[in-house]
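Participant: What follows is each chain in one-letter form.
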Amino acid sequence: MKTDRVLRKRFNIPKEEASILYKRSKGEKVIYVIAFTIFAVYALSLIFPFLWLLVNSFQNKIIYQINMSDGNAFALPKRWELANYIYAFKELSYNGSNIFNMFFNSIWYTGIHIGGGILMSSFTGYCLAKYDFKVKNLMHAIIIFSMTIPIVGTAGATFKLMSDLNIYNTPFYVLFTSLSGIGLNFLIMYGFFKNISWSYAEAAFIDGASHFTVFFKIMLPMAKPIIFTLSIMSGITYWNEYMNVLLYLPDFPTIASGLFSVSRTLPRLGNTPAYFAALVISLLPVLVIFSLFSDVIMKNFTVGGLKG
Amino acid sequence: MQSIKQSKKSTFKRGETIFLVTLLTIPVLHWLVFWLYININSIILAFQNERGVWSLTNFVQLWDQLTSPYGDTIGLALKNTLFYFLNNILVIFPLSIMIAFFIYKHVKGYKFYRIVFFLPAIISGIAMTTVYTYLLMPNGPLDAILSNIGINIPAQGFFNNSATATPTIIVYTIWTGFSSNIILIGGAMSRIPTEVLESAKIEGCGPFREMVSIVLPLTWSTLQTMIIFTMTSIFMASGPILLFMPDGGYETTTISFWIFKQVYGSGAYGGTGQYGLVSCAGFVFTLIGVPLILFVRRIFEKVPAVEY
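From first to last, the protein sequence lines stand for chains A and B. In terms of our numbering, the first sequence is residues 804 to 1111. In terms of our numbering, the second sequence is residues 5 to 312.
In case anyone wonders, no lab produced these hints; they're calculated from the structure. Quick caveat: nothing in here was measured; it's all calculated off a predicted structure. Backbone N, C-alpha and C fix where the C-beta goes; we use that ideal spot for every residue, glycine too. Do not rely on the hints blindly, as some may be mistaken.
[Said to hold, decoys possible] Straight line, CA to CA, 20 Å or less: simulated DMTMM-like cross-link-like pairs of lysine to aspartate or glutamate:
id : chain 1 : residue 1 : chain 2 : residue 2
1  : A       : K1027     : A       : D1098
2  : B       : K13       : A       : E1005
3  : A       : K826      : B       : E199
4  : B       : K9        : B       : E20
[Stated by the list, open to error] Derived Cβ-Cβ restraints for the label pairs, each shown as a range:
id : chain 1 : residue 1 : chain 2 : residue 2 : range
5  : B       : T29       : A       : N940      : 15 to 25 Å
6  : B       : S72       : A       : L854      : 42 to 52 Å
7  : A       : K1102     : B       : V95       : 21 to 31 Å
8  : A       : N898      : B       : R213      : 17 to 27 Å
9  : A       : I1021     : B       : G56       : 47 to 57 Å
10 : B       : L220      : A       : T1068     : 45 to 55 Å
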């Protein structure tokens, strides 16, 4: 045992990898080398195109066109120009919105969805996990039913409802639609609250705390890590969302829907590198947030993952 | 004394009722309006013509489109959608399990791979489709690499050809399709007690046997939930057609894209505004999908779950 520990320390092997599970026969080693090689190629295929895009976002637009027509796709810029980034910040626009307006629209669109969705899911998740009331089982069944039946083609009725409620193409569309208490967020919050001991609440009730105090001051703060992870994941989803924005908020282009709208026009105008620069700018917030919190995201998703 | 106790109990109960009503009112209203009302209205729209008169016109039109051999009809959309669905369930899902398994088994560089493979889930669809399109274009990076070994990408590219456009988008969905699957399946695998795997290893169990006889049964509850969710979107399975082919050309249309196209801009920007036809198609596909899902769930219930 002691020798194991010494060897592990000497060769810097993590504790879990010293387990018998990670000792492999020759045949197994071959399988793992093949898996490693396939993974390396796949990882390269995911990273390389973005490096290519990044390099070409510094390329002169005319030289880029010449390179592409000459088949010199890998030519590096002779002069690394910031002109494309300046263009993206100063001149790129769609439907009267420049890139700053698009960022602003993305921020409130994402923020409202995170706030509304997670708060409502916490409400439904907590009430259904911790309280017994007459329609509890019915509500739970309805939520699961709503999530698992394959409903298709309600976009027409949704569009009509948005027009009837006069919220089509207004921020109220985002506010009203974000207040959903069902979906994956519900499942995760429900699972979390189900596993929290009720004795915390009982102790607080004995001390005279109300149901609201118990929920907002004891239970919700305990759910902070999972709420944080859900916020980041929902945030990334809504930041990248474009279809609903195109359909229901055409006058409020977000960074995703705005870039979709210029994705054909800029290359057609011979300014593909400026489009690349705008894409790089749009990716930065998400990549920064992910690189800061990737460990938290992975850990919480692993812990709170789906269970049937 | 007893009456004080009883009064305290009833105050507590009243507080609970007020708490539940306060927390659940908004999510319940949201469900009633944005789920129930929309779905009922969608069914009603299916049986009404454009002037709001009860009619079966939409069903006749849907049948005509389903059976017409010409144009980008819903028949073609259905065919492509089923290809995407089969790809999700028969290619992406099994591959995700294999990748998650090797990451779980700590293939060399697994921490790096876990983060890189997750990137398609956080990078916007517009950026992913852009790099993929430019990677594959004639004279693009892949063409430059392949030309070294005497292979050239077709002069019109992969997207401007009906025979290759949909397969190219399907390859894209595989390329980007593992990300969150890997995390969810990996999360389920990480909950398997190490002792089980260690004793199997001592008994001489190889990686294949370990995956089939231990890992799959022990992660079955998560896998079946994921399969049911995939089945739920059977008629909405699609690639990002809008991002690759905003007009759905080269026979790339799918049901979800066809629906988007009918509604987008409510007729002003190319959408037909045919909410009735969209709702009718949705109604028919939902009617087919519901028994299918119930059947799959019934079968899954017969597979015994392993508790640990």
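Participant: Now, for every hint given, state plainly whether the structure supports it.
Facilitator: Consistency of the hints with the structure:
1. A:K1027 to A:D1098: holds, 16 Å
2. B:K13 to A:E1005: Holds: K13 of chain B and E1005 of chain A sit about 14 Å apart, inside 20 Å.
3. A:K826 to B:E199: With a Cα-Cα distance of about 15 Å, the restraint between K826 of chain A and E199 of chain B holds, given a limit of 20 Å.
4. B:K9 to B:E20: holds, 16 Å
5. B:T29 to A:N940: 15 to 25 Å: Roughly 19 Å apart at Cβ, these two residues keep to the hinted range, so it holds.
6. B:S72 to A:L854: 42 to 52 Å: For S72 of chain B and L854 of chain A the Cβ distance comes to about 46 Å; the hint holds.
7. A:K1102 to B:V95: 21 to 31 Å: holds, 29 Å
8. A:N898 to B:R213: 17 to 27 Å: Cβ of N898 of chain A to Cβ of R213 of chain B: about 58 Å, so the range 17 to 27 Å is violated.
9. A:I1021 to B:G56: 47 to 57 Å: Holds, at about 52 Å.
10. B:L220 to A:T1068: 45 to 55 Å: holds, 49 Å
The structure does not agree with numbered hint 8 stated previously, though it agrees with all others.
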